[in-house]
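When you get a sec, could you build the whole thing from the sequences and use the hints?
Heads up: the sequence lines are chains A and B, in that order.
Taking the working numbering, the leading residue of the first sequence gets 7, the next gets one more, and so forth.
Taking the working numbering, the leading residue of the second sequence gets 7, the next gets one more, and so forth.
Fair warning: there could be bad hints in the mix.
For identical chains, the list gives no copy identity; a pair is met inside one copy or between any two copies.
30 Å max Cα-Cα, derived DSS-like pairs, lysine-lysine [said to hold, decoys possible]:
hint	residue 1	residue 2
1	K140	K111
2	K125	K88
3	K88	K123
4	K111	K125
5	K60	K45
6	K136	K49
7	K73	K108
8	K29	K73
9	K73	K140
Rather than coming from a laboratory, the hints here were simulated on the basis of the structure.
Number of protein chains: 2
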Amino acid sequence: MGKMYKENSLSKNQQIIFDLINKSSEPLKAYTILFSVQKKGIKAPPQVYRALDKLVETGKIHKIESKNAFVACRNSNCEISKATAFSICESCEMVDEISDTKLSKYLSGFNHKKGMKFKRFNLEFFGICKKCKKD
Amino acid sequence: MGKMYKENSLSKNQQIIFDLINKSSEPLKAYTILFSVQKKGIKAPPQVYRALDKLVETGKIHKIESKNAFVACRNSNCEISKATAFSICESCEMVDEISDTKLSKYLSGFNHKKGMKFKRFNLEFFGICKKCKKD
DNA sequence: TTACATAGTGTTATATTATAACAAATTTTA
DNA sequence: TAAAATTTGTTATAATATAACACTATGTAA
Chain A
7 MGKMYKENSL
17 SKNQQIIFDL
27 INKSSEPLKA
37 YTILFSVQKK
47 GIKAPPQVYR
57 ALDKLVETGK
67 IHKIESKNAF
77 VACRNSNCEI
87 SKATAFSICE
97 SCEMVDEISD
107 TKLSKYLSGF
117 NHKKGMKFKR
127 FNLEFFGICK
137 KCKKD
Chain B
7 MGKMYKENSL
17 SKNQQIIFDL
27 INKSSEPLKA
37 YTILFSVQKK
47 GIKAPPQVYR
57 ALDKLVETGK
67 IHKIESKNAF
77 VACRNSNCEI
87 SKATAFSICE
97 SCEMVDEISD
107 TKLSKYLSGF
117 NHKKGMKFKR
127 FNLEFFGICK
137 KCKKD
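Following this line, the structure appears as structure tokens:
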């Protein structure tokens with residue numbers, strides 16, 4: 007009975023890459039990931055990007071578009087990345103996923119005047135975090 | 007009396023690139039721009055990226071982060087890109103800048119529980135536009 | 001259990017997006 | 001007009017991402 011690639015389980019590469027992102031305190035870039043996992047046998051960009059694509063698709067991680075970097079999902083309410091919001095410090099680069107039910111509901115219910123029905127949104131807030139303000 | 011680089015005026019390259027983006031009905035990518043303006047003497051990527059950086063900085067254009075592409079600003083309320091929102095069709099790639107005072111106010115007033123004060127936000131909505139729904 | 005379909009892997013090469021660094025010209029400010 | 005700031009032109013290269021192909025592993029269903 008070998009490893010099974012079922013509903014919620016991750017493949018070997020996906021698991022390696024998810025673990026790395028999940029334990030990171032900051033967003034990771036694809037090539038940073040690549041360099042970090044080369045000792046584990048993941049040697050080429052496509053292996054990383056494929057795992058990243060799948061992890062994004064299944065909502066285990068999110069891409070921070072303004073940084074081309076990836077963070078683990080910390081929000082059970084984002085429903086496979088249909089409603090994502092982040093706060094980003096422009097000084098230390100820290101990224102925090104925002105879990106705010108009101109915000110999420112407000113935006114999920116928002117409808118464009120021009121009649122487009124939205125399936126998904128991504129919101130990125132920028133500022134200086136508490137920590138950096140002190141310095 | 008030569009050309010003047012005053013407050014609101016654009017330099018030669020900036021103007022050429024702004025005009026191109028401004029008359030485009032869809033977001034333009036940096037290298038698409040580069041190829042389009044080569045006959046006007048703009049031959050290398052840094053010339054394009056520098057103009058783009060400046061135009062973004064002054065709020066004449068916005069970058070659509072999820073597409074690495076640029077659109078002209080259509081919203082006098084976004085105040086030099088401090089409060090940007092877009093609707094993006096996942097089928098035809100059309101991008102529309104959203105000018106919604108309520109939305110803008112709501113988000114500008116939003117404050118993170120963790121005490122971070124936001125200076126700026128960017129919001130991208132995704133869906134299928136009216137036109138594409140019909141097809 | 002076999003066979004078929006689907007998903008994942010490994011690999012090489014290449015495409016796409018973006019910046020570094022430096023010399024020269026133009027424009028603004030004082 | 002001299003100094004400062006901005007813009008330009010240029011070459012080279014860095015960083016991000018995908019195409020294509022051969023192969024292996026897993027899941028599904030007769």
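Right, here's what the structure says about each hint:
| no. | hint | in the structure |
| --- | --- | --- |
| 1 | K140 with K111 | between (33 Å within a copy, 28 Å between copies) |
| 2 | K125 with K88 | both (7 Å within a copy, 24 Å between copies) |
| 3 | K88 with K123 | both (13 Å within a copy, 25 Å between copies) |
| 4 | K111 with K125 | both (13 Å within a copy, 22 Å between copies) |
| 5 | K60 with K45 | within (22 Å within a copy, 42 Å between copies) |
| 6 | K136 with K49 | neither (38 Å within a copy, 44 Å between copies) |
| 7 | K73 with K108 | both (26 Å within a copy, 28 Å between copies) |
| 8 | K29 with K73 | both (19 Å within a copy, 28 Å between copies) |
| 9 | K73 with K140 | within (24 Å within a copy, 35 Å between copies) |
When the structure is compared with the earlier hints, a violation turns up for hint 6 alone.
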